[in-house]
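Number of protein chains: 4
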Amino acid sequence: MVPRYARPAMTAIWEPEARYRIWFEIEAHAAVKMGELGTVPEAAGKALWDWWATNPKVDVEAIDAKEAVLKHDVIAFLDWVAEQVGPEARFMHQGMTSSDILDTTLNVQLVRAADILLADLDDLLAAIKRRAMEHKYTPSIGRSHGIHAEPVTFGLKLAEAYAEFSRAKKRLIAAREEVATCAISGAVGTFANVDPSVEVYVADKMGLEIEPVSTQVIPRDRHAMFFATLGVIASSIERVAVEVRHLQRTEVLEAEEYFSPGQKGSSAMPHKRNPILTENLTGQARIIRSYAMPAMENVALWHERDISHSSVERFIGPDATITLDFALARLTGVIDKLLVYPERMQKNLDRMGGLVHSQRVLLALTQAGLSRDTSYRLVQRNAMKVWESDGQLSLMELLKADEEVAAALTAEQIEEKFNLDYHFKHVDTIFDRVFAD
Amino acid sequence: MVPRYARPAMTAIWEPEARYRIWFEIEAHAAVKMGELGTVPEAAGKALWDWWATNPKVDVEAIDAKEAVLKHDVIAFLDWVAEQVGPEARFMHQGMTSSDILDTTLNVQLVRAADILLADLDDLLAAIKRRAMEHKYTPSIGRSHGIHAEPVTFGLKLAEAYAEFSRAKKRLIAAREEVATCAISGAVGTFANVDPSVEVYVADKMGLEIEPVSTQVIPRDRHAMFFATLGVIASSIERVAVEVRHLQRTEVLEAEEYFSPGQKGSSAMPHKRNPILTENLTGQARIIRSYAMPAMENVALWHERDISHSSVERFIGPDATITLDFALARLTGVIDKLLVYPERMQKNLDRMGGLVHSQRVLLALTQAGLSRDTSYRLVQRNAMKVWESDGQLSLMELLKADEEVAAALTAEQIEEKFNLDYHFKHVDTIFDRVFAD
Amino acid sequence: MVPRYARPAMTAIWEPEARYRIWFEIEAHAAVKMGELGTVPEAAGKALWDWWATNPKVDVEAIDAKEAVLKHDVIAFLDWVAEQVGPEARFMHQGMTSSDILDTTLNVQLVRAADILLADLDDLLAAIKRRAMEHKYTPSIGRSHGIHAEPVTFGLKLAEAYAEFSRAKKRLIAAREEVATCAISGAVGTFANVDPSVEVYVADKMGLEIEPVSTQVIPRDRHAMFFATLGVIASSIERVAVEVRHLQRTEVLEAEEYFSPGQKGSSAMPHKRNPILTENLTGQARIIRSYAMPAMENVALWHERDISHSSVERFIGPDATITLDFALARLTGVIDKLLVYPERMQKNLDRMGGLVHSQRVLLALTQAGLSRDTSYRLVQRNAMKVWESDGQLSLMELLKADEEVAAALTAEQIEEKFNLDYHFKHVDTIFDRVFAD
Amino acid sequence: MVPRYARPAMTAIWEPEARYRIWFEIEAHAAVKMGELGTVPEAAGKALWDWWATNPKVDVEAIDAKEAVLKHDVIAFLDWVAEQVGPEARFMHQGMTSSDILDTTLNVQLVRAADILLADLDDLLAAIKRRAMEHKYTPSIGRSHGIHAEPVTFGLKLAEAYAEFSRAKKRLIAAREEVATCAISGAVGTFANVDPSVEVYVADKMGLEIEPVSTQVIPRDRHAMFFATLGVIASSIERVAVEVRHLQRTEVLEAEEYFSPGQKGSSAMPHKRNPILTENLTGQARIIRSYAMPAMENVALWHERDISHSSVERFIGPDATITLDFALARLTGVIDKLLVYPERMQKNLDRMGGLVHSQRVLLALTQAGLSRDTSYRLVQRNAMKVWESDGQLSLMELLKADEEVAAALTAEQIEEKFNLDYHFKHVDTIFDRVFAD
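Chains as they are written, first to last, in the UniProt record's numbering: chain Y, 1 to 437; chain V, 1 to 437; chain X, 1 to 437; chain D, 1 to 437.
The shape of chain Y in the complex, shown without the other chains (with noise of 0.2 Å):
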């Protein structure tokens, strides 16, 4: 974890108290059921849960005291809670087995951590929703291979990370879904010493599914899921990025991260805006979405299980979803607030001298009852000279200047064939399929 990469929501989960916290949640729920059971005296929960009302403080620094002499980090943390509640916290933990708590507890975690990220997955989509809407009909070229294609509208762009975010979201549902669960097993998940429904109490206490069948671990083709979905979501803002980065650059300017107007150096050299945060957001998605070939490799554990995950765990739980709560934050602060230059677009549309057109112009000679050959020779030989004059010449002017041209169509109906409107006809349908939910 990168302290300046992190925010304090998504850090909190990962705290220390925070992981004692869900642990003594699970210890006290199984308590509860255990008591129910007649396993373990009915007092045993009150007990636990009487001293959690009284709200008290997890002492971490003294778990840690006793951790560093027992080297045992749930052992240490019982002893602990013991020495609080007194007797009846002796029962704790019954025929449990670490794993049932440290597992359930990385999913709680992974859980919260996903809501989190799914609230800022929605923050996005509201972010990239309004400009979207905002700028639905702004012309912009469209650019293939980095070369002028034909027009789109900036709305259109935006649309499109509308609906790549949308699948996002619904990914991250599904991923969600895949670690929310609960094992309470035992030492090789045969339940042989906890009965299965206190696995069912506690699961349904902590807002999780049971695991239908553990063995110690809960098994980690889950969590690989978890964190290859966490890669591609990563993968989605790097995409944005990078079209930020590149409306953002000198010779396109189209766009820009907002830069507030007393920012150091931005008078002196006025063009030298630097796309600071969206570059900052492609290396993000880097290092994001490498945390998945370590979270695929962790499946194959030996038998009913290795800790071979833990170490992996220990650096890819906190560190992809702060990272990526972070870089989906930023990536809608970049959305919000981005400087957006119609101007400008209608001027790179526009500084090819129409050359965009030309294929709609070779459509209506042919149409108009010339040759493919012919027409094909005709838009070429004005394409050429606007092409030679980069752009300073106009082809709509060219063409209604050619007399070959002009004996097959009318000016007005060339000057049709460069209306932008032609191309921005079916926006609204497609803003329908985006946005309809």
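Just so you know, the hints here were simulated from the structure itself, not pulled from any lab data. Since we're looking at a predicted model, the values are computed, not measured. Warning: the hint list may mix true and false statements.
One copy or any two copies: either way a pair holds, since identical chains are not told apart in the list.
Said to hold, decoys possible - List of simulated lysine to any residue pairs, SDA-like, C-alpha gap at most 20 Å:
1. Lys-71 x Thr-39
2. Lys-272 x Gln-380
3. Lys-347 x Gln-392
4. Lys-169 x Arg-112
5. Lys-71 x Glu-256
6. Lys-170 x Leu-208
7. Lys-71 x Tyr-20
8. Lys-425 x Ser-197
9. Lys-272 x Asn-193
10. Lys-136 x Pro-196
11. Lys-129 x Asp-432
12. Lys-385 x Pro-270
13. Lys-66 x Ala-53
14. Lys-400 x Asp-204
15. Lys-347 x Gly-391
16. Lys-170 x Ala-180
Following the hints, complete the assembly by docking chains V, X and D onto the known chain Y.
Chains V, X and D alone, transformed into the frame defined by chain Y:
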């Protein structure tokens, strides 16, 4: 694609002829709809389908020869079709762009590949289920960290695999849905020269959904998710493969890949039966999951599209699906014919002289009123004797002979603690959870 | 392997015949040495080489047919050779294990592949050097963050590429050395049935070093390093490819991939020349570097060996080397024939009305005795006018006309600050550093 | 960075104070050289170093507070230094760019990290060597595919590890050299405002080489190679870790991670000693090698630079080096204190009743004049009896008692084939090869 890791049905999807056949269908469906709309003569679509009804051979060589001249695959194809069908065919592709064909075709291929993979998963699940039922109550030692922990059954191991591949199936269904889209939206996705209803029509005919917003290309986050999902599934294959490899180790030998009696070399060194199929699967899993990275890097195409994704997809499209198909089928064969040795499982279970039951005895002593420290000391002194005998002594017998223990627990009580059934009382519950569907 | 990204010389290395020929050489060299040692009759080696001297056809089909029956590739091969050579051939392979042949062969293939790649790099370096010299002093705007920064020369960009691929070459030489080893050490690497001097002899004949200690297999950290190195080289290809793609953007257009005058479609839309070769290279880089991951996972084989590395290597051995060979050659072609537009570079340099020189003016004003704040204010007020004019006004002219500036700096002094030569005074030094070798 | 996987010396390299101290040194060295050149007053460098000689505290908090206001880390630092040193300090950084400091500093950090890692490798090599010598002739069964093959010695396993980490060291030295460069070349690498001799001087003082050509930044192929190399080294760690995990399995138990006698839980379940250190290392290897991917993606920065590499490096710079340092030290500890059980190794060797020697007997029978088929049949019928007895019968005894075998081989001859020394005759040769240096 490595021929020895390829099966014909999946390979066929990726062959040029299959691709051209899909191209034709897309173009012909589009022509029919355009005919309805009046964009092109109605005769066009009819002529195309009439010709298709003659079940013509797609002459890959002829088309490739054209491409070599024209330097454009789609134009070469259209040309060839036009030669076969006649003048009406020249109305094909009107207002469309190459990517409309290429991207929709890729998605058709991926959907078909997913359908094969789903069938593979069904076969695998059936094989696992059959063997799980067969070994539902076959005792086996559960191992954590490779060390004997507590008893499980071999059926439980398979139940876990069943649950894991059931999740794999669910994920693959979602991944299939991700790529089951069709785009017929023109040069930059604006439908400038093709009506959106054509896309709707073609999508329906090809069994796809419309792509709500495309940008010449279908967005690659869909494909990233698809290939990431295959990577996770491959990792689950690795998990089972590694389990089999472990079970087949000389010292463990609880199961073996099927080995035909006459297989050369099996008799002079009868112990030397190598788990080469599952080792092979392990390597295939590494390759398949590695494809997730370039698939994710493919997402951030520039502006409305660049073609950098294409070279990646020429590798991973066929390689990931063909290899995963092969791997799933191979794993199914391994499971289906796996030689399982219950006697050896029992022998391994017993190998530690009953030490795996020490926890239960410890608990029983505590419940019989002894302090935890005393209980521990009593178990310990007998456990150490067993350990030092390398499992030749029996913990149960030693405990029965230990006067202090005997004072607390009767022989029957002690024996009961060594009863395997205690561990298997919830196997049925777990099987109900896993195999309910 | 994707045929369209494959060149014959590299592909040939990976064809069955090439593999069998290497097998033969290893076996025959080993037989000669064993003959010297008296382990086998001296006639054996002689018979093998005599037959080989007749330049016999290696009948891949016949060997494969044997393998289909025998289920063992090396035995099938030995069998076939024995049939051709006669009874003496039965002494081949004495005391050796299949991996002795297979692993040494893989390394011979990788070494040969590396030799082709090294030649590719030499060609690439030559092309880059030629173009760098040609454009040593061609002014071009340097960009950080995609934004105009200060002037560079196009030659400097190429010098950087030259230095980078010089490093690539050095790395590849080291990577080649990593895999240039030979193991003839028997079933578990103990030389139990084969004398170490055989390994020494064969290594020498095959142009390899002996593997100091093998464990049936040659250790895979060597191959991991090899493939990781290819991944880094591919990433450098991507860097140059991305640079070309940027330079070819419609708004930048400082360079273009070569486009033959007659290439279809170039004239009606003369601006639509897509950098598809470099986009293609970008995708290939993604694939090639992805192979580093499974190569690294291959290192941790179990005990003296398992065969999980093998399926991985069947993919990445050919695919990484064939694709990198293709990519290097393609990049060489791109550089060699790159259309470079110095006028456009100059135009882009001038496009900001001289704002890129504002820093030098600022410094000059300070050195002329004005306070930093005053200097800043003076530059700023003129810079903003240029900016607002979108580069139509000239910063130099405005500064000359600004009375306060003129009071501090003469017109000549101001003009000197806009002199490009100032920036290029150390180009020669850099070229000396880079091209010294 | 995960604190529990971090050691102080390596962590210190990445702390803000260390970074600021390197910044100071670079700036102060540059100021001295610029003083010599007359670019700045000679007093500047002197003032800086005089202050430094007072061993001043670097007030990280104060600098960070300035950065919060100035939004620029290097300017904040320069400001703070200027406050401490006085007016002469204002000549720092003349003609330089932030990246000159930041990139050179990163490389100093990586070089220092590499030096620690090299020392770690030396410690590891020493530990491996000591244990290899100790167990040079400790017999152990060699396993291929996890199945007993032929005898090796435990020392040979360690010799392989020694050879592998010797290669790791050589690679790390090369990787260190890759990043041991210094760039002081200004805004776009042209030395426009800073003389190249400053770079030469600073490089020399900082123990670095000059970067022949930089583009504001030091090219990232160097760092990609560095991190890829760490990934390969981590994979070698995994290999040894997996070997130990295998050896510690209950059924194998040829070696164990050190377990202090008093460690809790060891006695009631004396068999439950888990190889958690090596499992932990396995996971760390997954993480460390995953960093190679984003490092490679960092190479293709846009034009003269973009800052997308930076966020990646904030993660992988510290995380890869700190975790690898920890992992190497942990592995050294594991090897150093590894509990090795030669008796168990012998017992496992014998476990198959001598089947591992069947190949030698087969060969001996052939050499004694029997046909290969007959020899095979004779060995087979005895081998099968051993196999069916689960190793309770002895192949040697059965062969001696087999009349047909006895007709071909004397009892002494048969016994000789079961002599382990036969397998170890070249151990000395291998050790000479490996430990020669």
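Hint check:
no., hint, verdict
1, Lys-71 x Thr-39, "neither (28 Å within a copy, 59 Å between copies)"
2, Lys-272 x Gln-380, "between (39 Å within a copy, 13 Å between copies)"
3, Lys-347 x Gln-392, "both (12 Å within a copy, 14 Å between copies)"
4, Lys-169 x Arg-112, "within (15 Å within a copy, 26 Å between copies)"
5, Lys-71 x Glu-256, "between (54 Å within a copy, 19 Å between copies)"
6, Lys-170 x Leu-208, "both (19 Å within a copy, 19 Å between copies)"
7, Lys-71 x Tyr-20, "within (16 Å within a copy, 37 Å between copies)"
8, Lys-425 x Ser-197, "between (60 Å within a copy, 13 Å between copies)"
9, Lys-272 x Asn-193, "between (67 Å within a copy, 19 Å between copies)"
10, Lys-136 x Pro-196, "between (55 Å within a copy, 18 Å between copies)"
11, Lys-129 x Asp-432, "within (12 Å within a copy, 46 Å between copies)"
12, Lys-385 x Pro-270, "between (35 Å within a copy, 10 Å between copies)"
13, Lys-66 x Ala-53, "neither (24 Å within a copy, 44 Å between copies)"
14, Lys-400 x Asp-204, "neither (75 Å within a copy, 43 Å between copies)"
15, Lys-347 x Gly-391, "both (11 Å within a copy, 14 Å between copies)"
16, Lys-170 x Ala-180, "both (15 Å within a copy, 16 Å between copies)"
Against the hints set out earlier in the document, violations occur for numbers 1, 13 and 14.
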